[in-house]
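Top to bottom, those sequences are chains A and B.
Under this note's numbering, the letters of the first sequence match residues 1 to 108, in that order.
Under this note's numbering, the letters of the second sequence match residues 1 to 113, in that order.
Some clues are possibly wrong.
The list that follows gives simulated cross-link-like pairs (lysine-lysine, DSBU-like), each with its CA atoms no further than 30 Å apart [stated by the list, open to error]:
#1 A:59 to A:95
#2 B:57 to A:67
#3 A:68 to A:26
#4 A:95 to A:37
#5 A:95 to A:68
#6 A:50 to A:95
#7 A:67 to B:13
#8 A:107 to A:95
#9 A:26 to A:95
#10 A:26 to B:13
#11 A:26 to A:67
#12 A:59 to B:1
#13 A:67 to A:95
#14 A:37 to A:59
#15 A:26 to A:50
#16 B:57 to A:50
#17 A:26 to B:1
#18 A:37 to A:26
#19 A:107 to A:59
#20 A:37 to A:50
#21 A:37 to B:13
#22 A:95 to B:57
#23 B:57 to B:13
#24 B:1 to B:57
#25 A:68 to A:50
#26 A:95 to B:1
#27 B:57 to A:68
#28 A:37 to B:57
#29 A:107 to A:26
Rather than coming from a laboratory, the hints here were simulated on the basis of the structure.
Now for the letters of each chain:
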Amino acid sequence: QQPVQSPQAVILREGEDAVINCSSSKALYSVHWYRQKHGEAPVFLMILLKGGEQKGHDKISASFNEKKQQSSLYLTASQLSYSGTYFCGTEEMGKLIFGQGTTLQVKP
Amino acid sequence: KAGVTQTPRYLIKTRGQQVTLSCSPISGHRSVSWYQQTPGQGLQFLFEYFSETQRNKGNFPGRFSGRQFSNSRSEMNVSTLELGDSALYLCASSDPGLTYEQYFGPGTRLTVT
Numbered sequence: 001q002q003p004v005q006s007p008q009a010v011i012l013r014e015g016e017d018a019v020i021n022c023s024s025s026k027a028l029y030s031v032h033w034y035r036q037k038h039g040e041a042p043v044f045l046m047i048l049l050k051g052g053e054q055k056g057h058d059k060i061s062a063s064f065n066e067k068k069q070q071s072s073l074y075l076t077a078s079q080l081s082y083s084g085t086y087f088c089g090t091e092e093m094g095k096l097i098f099g100q101g102t103t104l105q106v107k108p
Numbered sequence: 001k002a003g004v005t006q007t008p009r010y011l012i013k014t015r016g017q018q019v020t021l022s023c024s025p026i027s028g029h030r031s032v033s034w035y036q037q038t039p040g041q042g043l044q045f046l047f048e049y050f051s052e053t054q055r056n057k058g059n060f061p062g063r064f065s066g067r068q069f070s071n072s073r074s075e076m077n078v079s080t081l082e083l084g085d086s087a088l089y090l091c092a093s094s095d096p097g098l099t100y101e102q103y104f105g106p107g108t109r110l111t112v113t
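So that you can see chain A by itself, here it is in the shape it has in the complex (with noise of 0.2 Å):
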C-alpha cells in the first residue's frame, strides 16, 4: 500500500523551513527519501533504517519513528535549489513503494 505524504504542495520564501511528512498503515523497516527537480530524474537524498536514527546532510534531515509508522524529512533555510517534488519510498516485500509526491516551490 501506498505511503500517504502530506502536504501535497509547499510554497517557501528562500530562508524558510518546511517540514515533509511520510506515514504508512505498515510496519516501516526503512525509509527512502527522493527528490525530482521539474523534467529530471528522481535524485537518492537519503534512508533511513529502522532504529529511528535520524539523518542529514547539509540541512536536509529527516527522522523515522517506526512506532509510529512515519517519517519527517527537514528542511531548513530553504534555497531555491531546494525546489522540486519529494517523495518517500518504504520497501514492501522487496519493492520500493512511494508516496504521491510532495511538491516544493521555493520562492525568492
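Given the coordinates of chain A, assemble chain B onto it according to the supplied hints.
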C-alpha cells in the same frame, strides 16, 4: 562512472502496437528496477531484475514484461498499447550489496495515440 542511460528518450506509438524500452545500468550494478510515472498515479513500481532474474513485480497487467541480460542491461516491453500507457518510464539501478540507493535514468517518455 557513467550514469544510467535509457533509450529512446521519446517515443510515440499507436494503440495496439508494442514497444521495447532499453536501460543500461551503472557499471557494476546488478539490480535494475522499472517504474511508471504519471501525473495521476505518481511513481509506480513495475518490476525489478537482478542477475537476469525477475525478483519482484508490481501490480501491472501481463502486457508489461521485461528481461535482463548477462551484462545487466535491461529491456522492458509493453504489448497491445493502450492510451493509458502514456507515461514516463524510469529505470533505476542499484547495487544491493552496498545500499538500497537507487540511481535513476532520465526516462523514456512514451505517448500512445
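Verification of the hints:
In summary, the hint linking residue 59 of chain A to residue 95 of chain A is supported, as the alpha carbons are separated by about 29 Å, within the 30 Å threshold. About 28 Å separates the Cα atoms of residue 57 of chain B and residue 67 of chain A, which keeps this hinted pair within 30 Å; it holds. For the suggested pair residue 68 of chain A and residue 26 of chain A, the alpha carbons sit about 10 Å apart, so the restraint of at most 30 Å is met. Of the pairs offered as hints, the one joining residue 95 of chain A and residue 37 of chain A holds, with about 23 Å between alpha carbons and a cut-off of 30 Å not exceeded.
Between the alpha carbons of residue 95 of chain A and residue 68 of chain A the distance comes to roughly 21 Å, so the proposed pair stays at or under 30 Å and holds. Taking the CA atoms of residue 50 of chain A and residue 95 of chain A, the gap is near 17 Å; set against the 30 Å cutoff, the hint holds. Distance hint between residue 67 of chain A and residue 13 of chain B is unfulfilled; the C-alpha atoms sit about 47 Å from each other, more than 30 Å. Proximity of residue 107 of chain A to residue 95 of chain A is assessed by CA-CA distance (about 35 Å); at most 30 Å being required, the pair is judged violated.
At roughly 14 Å between alpha-carbon atoms, residue 26 of chain A and residue 95 of chain A fall within 30 Å of each other, so this suggested pair holds. A distance of roughly 39 Å separates the Cα atoms of residue 26 of chain A and residue 13 of chain B; the hinted pair therefore is violated under the 30 Å criterion. Of the supplied pair hints, the one linking residue 26 of chain A and residue 67 of chain A holds, its CA atoms being roughly 10 Å apart against a limit of 30 Å. Note on residue 59 of chain A and residue 1 of chain B: the hinted pairing holds, with a Cα-Cα distance of about 27 Å set against a maximum of 30 Å.
Under the criterion of a C-alpha separation no larger than 30 Å, the hint pairing residue 67 of chain A with residue 95 of chain A is consistent with the structure, at around 21 Å. For the given pair, residue 37 of chain A sits about 18 Å from residue 59 of chain A by alpha-carbon distance, which is consistent with the 30 Å threshold. Simply put, residue 26 of chain A and residue 50 of chain A have alpha-carbon atoms about 13 Å apart, close enough for the 30 Å limit, and the pair holds. A C-alpha spacing of about 24 Å is found between residue 57 of chain B and residue 50 of chain A, which places the hinted pair at or below 30 Å, so the restraint holds.
In summary, the hint linking residue 26 of chain A to residue 1 of chain B is not supported, as the alpha carbons are separated by about 37 Å, beyond the 30 Å threshold. A threshold of 30 Å between alpha carbons decides the hint, and for residue 37 of chain A with residue 26 of chain A the separation of about 29 Å falls inside it, so the pair holds. About 17 Å separates the Cα atoms of residue 107 of chain A and residue 59 of chain A, which keeps this hinted pair within 30 Å; it holds. Pair hint residue 37 of chain A plus residue 50 of chain A holds up; C-alpha atoms about 28 Å apart against a cutoff of 30 Å.
At most 30 Å may separate the alpha-carbon atoms for a hinted pair to count; residue 37 of chain A and residue 13 of chain B meet this at roughly 27 Å. Of the pairs offered as hints, the one joining residue 95 of chain A and residue 57 of chain B holds, with about 8 Å between alpha carbons and a cut-off of 30 Å not exceeded. For the given pair, residue 57 of chain B sits about 25 Å from residue 13 of chain B by alpha-carbon distance, which is consistent with the 30 Å threshold. Annotation: proposed proximity of residue 1 of chain B to residue 57 of chain B holds, straight-line Cα distance about 28 Å (limit 30 Å).
A distance of roughly 12 Å separates the Cα atoms of residue 68 of chain A and residue 50 of chain A; the hinted pair therefore holds under the 30 Å criterion. Note on residue 95 of chain A and residue 1 of chain B: the hinted pairing holds, with a Cα-Cα distance of about 26 Å set against a maximum of 30 Å. The suggested pairing of residue 57 of chain B with residue 68 of chain A holds, with an alpha-carbon distance near 28 Å, which does not exceed 30 Å. For the proposed pair residue 37 of chain A and residue 57 of chain B, the alpha carbon gap of about 27 Å is at most 30 Å, so the pair holds.
Of the supplied pair hints, the one linking residue 107 of chain A and residue 26 of chain A is violated, its CA atoms being roughly 36 Å apart against a limit of 30 Å.
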